[in-house]
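**Student:** Listed here are the chains, written in short residue letters.
There are 2 protein chains.
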Amino acid sequence: MTTNQLIIKMVLDRWYGALKNCDNHINSLTDEKLMKEIAPGKNRGIYLLGHLIAVHDDMIILLGLGEKLYPELHTPFLADPDKTAAIIPSVSELRKYWTTQCQWLQQQFDSLSPEQWFEKHAAVSAEDFANEPHRNKLNIIITRTTHLSYHTGQLVLLK
Amino acid sequence: MTTNQLIIKMVLDRWYGALKNCDNHINSLTDEKLMKEIAPGKNRGIYLLGHLIAVHDDMIILLGLGEKLYPELHTPFLADPDKTAAIIPSVSELRKYWTTQCQWLQQQFDSLSPEQWFEKHAAVSAEDFANEPHRNKLNIIITRTTHLSYHTGQLVLLK
Numbered sequence: 010m011t012t013n014q015l016i017i018k019m020v021l022d023r024w025y026g027a028l029k030n031c032d033n034h035i036n037s038l039t040d041e042k043l044m045k046e047i048a049p050g051k052n053r054g055i056y057l058l059g060h061l062i063a064v065h066d067d068m069i070i071l072l073g074l075g076e077k078l079y080p081e082l083h084t085p086f087l088a089d090p091d092k093t094a095a096i097i098p099s100v101s102e103l104r105k106y107w108t109t110q111c112q113w114l115q116q117q118f119d120s121l122s123p124e125q126w127f128e129k130h131a132a133v134s135a136e137d138f139a140n141e142p143h144r145n146k147l148n149i150i151i152t153r154t155t156h157l158s159y160h161t162g163q164l165v166l167l168k
Numbered sequence: 010m011t012t013n014q015l016i017i018k019m020v021l022d023r024w025y026g027a028l029k030n031c032d033n034h035i036n037s038l039t040d041e042k043l044m045k046e047i048a049p050g051k052n053r054g055i056y057l058l059g060h061l062i063a064v065h066d067d068m069i070i071l072l073g074l075g076e077k078l079y080p081e082l083h084t085p086f087l088a089d090p091d092k093t094a095a096i097i098p099s100v101s102e103l104r105k106y107w108t109t110q111c112q113w114l115q116q117q118f119d120s121l122s123p124e125q126w127f128e129k130h131a132a133v134s135a136e137d138f139a140n141e142p143h144r145n146k147l148n149i150i151i152t153r154t155t156h157l158s159y160h161t162g163q164l165v166l167l168k
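Keeping their order, the protein sequence lines are chains A and B.
Going left to right, the first sequence walks through residues 10 to 168 as my numbering numbers them.
Going left to right, the second sequence walks through residues 10 to 168 as my numbering numbers them.
Chain A extracted, bound-state conformation (with noise of 0.2 Å):
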């Protein structure tokens, strides 16, 4: 195992880690659980899941996989606060759509090789990322991490 593949598994092993552990306290939290505030006057549940699915969705952009999964979730759960949409996916319709996306993320994933993990992310300029080489794809999954990671730390309060 090269350097590159090894710190590649280091940092993958730890967004399927986290992936994990979410999905984990997703699935122990009843639909009605999920439609309650984490704390009062905070976001609800329904909302951090939304958010997550949007923010990973803007990943598939960010590596140049393709195109967006779910483009109508960015206005809802991610442009706009919690309780502002008029009309939002239910729970439900949620669910089906993280446990999608996931699988889709960890097929793409896996198709990439070790040097295009360490290319340019679509955010950075080919100026810029000649200068800033840590601004790379694989840059993006350690960010996601911490990201998929404190809102883990909020819905977990649900139970």
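Honestly, the hints are just simulated from the structure, not real lab data.
Check before you lean on any hint, since a few could be wrong.
For chains that are exact copies, the list does not tell them apart, and a pair is met inside one copy or across any two.
[As the list claims (entries may be wrong)] Under the rule of at most 20 Å between Cα atoms (straight-line distance), these lysine to any residue pairs were calculated in the SDA-like manner:
id, residue 1, residue 2
1, LYS18, PHE138
2, LYS42, LEU21
3, LYS45, ARG153
4, LYS129, ASP40
5, LYS51, ALA132
6, LYS18, ASN140
7, LYS42, LEU78
8, LYS105, MET44
9, LYS168, ARG53
10, LYS18, PHE127
11, LYS168, ASN52
12, LYS168, PRO49
Fit chain B to the supplied structure of chain A, relying on the hints for placement.
**Tutor:** Here is chain B on its own, set in the frame of chain A:
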């Protein structure tokens, strides 16, 4: 910059970014706020602050950097749940420990060479490490960064 140096920068940048984010939230909360529960019946802010210091103290052992700075925090903030210890340090004392520890760890991290980051951590045997080279010191930073983010997502609810 070698690939090893690049990936160490990526991992440490995220660690310091998550630490700064957490520190900003802690500094924006009064001592009184930190004495409150993050949600009804859940951990108090003071417990999460002490818990993070106790877990980061464990990193000193795992990374082979010496002795813990605050071993007395292990029982009340890590082994035991919140609201069970008879006496715990004040929020004011914990703030000082936190700042001191963050600075101390950064000095130690700065002194580690790229090669040292890829050495085994203290909780894995030499035999296991031969087959599982991902269980290195840098991986401790990756896992503790998500732990830190998980609890930062909870501390922010006190605002």
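**Student:** All hints are to be evaluated individually against the structure, with a verdict given for each.
**Tutor:** Each hint, compared with the structure:
Taking the shortest Cα distances, LYS18 and PHE138 sit within 20 Å of each other only across copies (15 Å), while inside one copy they are farther apart (23 Å). Taking the closest pair of Cα atoms, LYS42 and LEU21 never come within 20 Å of each other, the shortest separation being 30 Å inside a single copy and 36 Å across copies. Taking the closest pair of Cα atoms, LYS45 and ARG153 never come within 20 Å of each other, the shortest separation being 25 Å inside a single copy and 29 Å across copies. Taking CA atoms no more than 20 Å apart as the test, LYS129 paired with ASP40 passes in neither setting, with 39 Å inside one copy and 43 Å between copies.
Neither within a single protomer nor between protomers do LYS51 and ALA132 lie at most 20 Å apart by alpha-carbon distance, with minima of 31 Å and 39 Å respectively. Proximity of LYS18 and ASN140 under a CA criterion of 20 Å is satisfied inter-copy only: 14 Å between copies versus 25 Å inside one chain copy. When the C-alpha separation of LYS42 and LEU78 is checked against a cutoff of 20 Å, the pair qualifies neither within a copy, at 26 Å, nor between copies, at 41 Å. In this assembly of identical chains, LYS105 and MET44 lie within 20 Å of each other by CA distance solely inside one copy; the values are 16 Å within and 39 Å between copies.
Both within a single protomer and between protomers do LYS168 and ARG53 lie at most 20 Å apart by alpha-carbon distance, with minima of 13 Å and 16 Å respectively. Both within a single protomer and between protomers do LYS18 and PHE127 lie at most 20 Å apart by alpha-carbon distance, with minima of 13 Å and 13 Å respectively. In the homo-oligomer, the alpha carbons of LYS168 and ASN52 lie at most 20 Å apart both inside one protomer (15 Å) and across protomers (13 Å), since each shortest distance falls under that limit. In this assembly of identical chains, LYS168 and PRO49 lie within 20 Å of each other by CA distance both inside one copy and across copies; the values are 14 Å within and 12 Å between.
Going through the hint list in order, the structure does not satisfy hints 2, 3, 4, 5 and 7.
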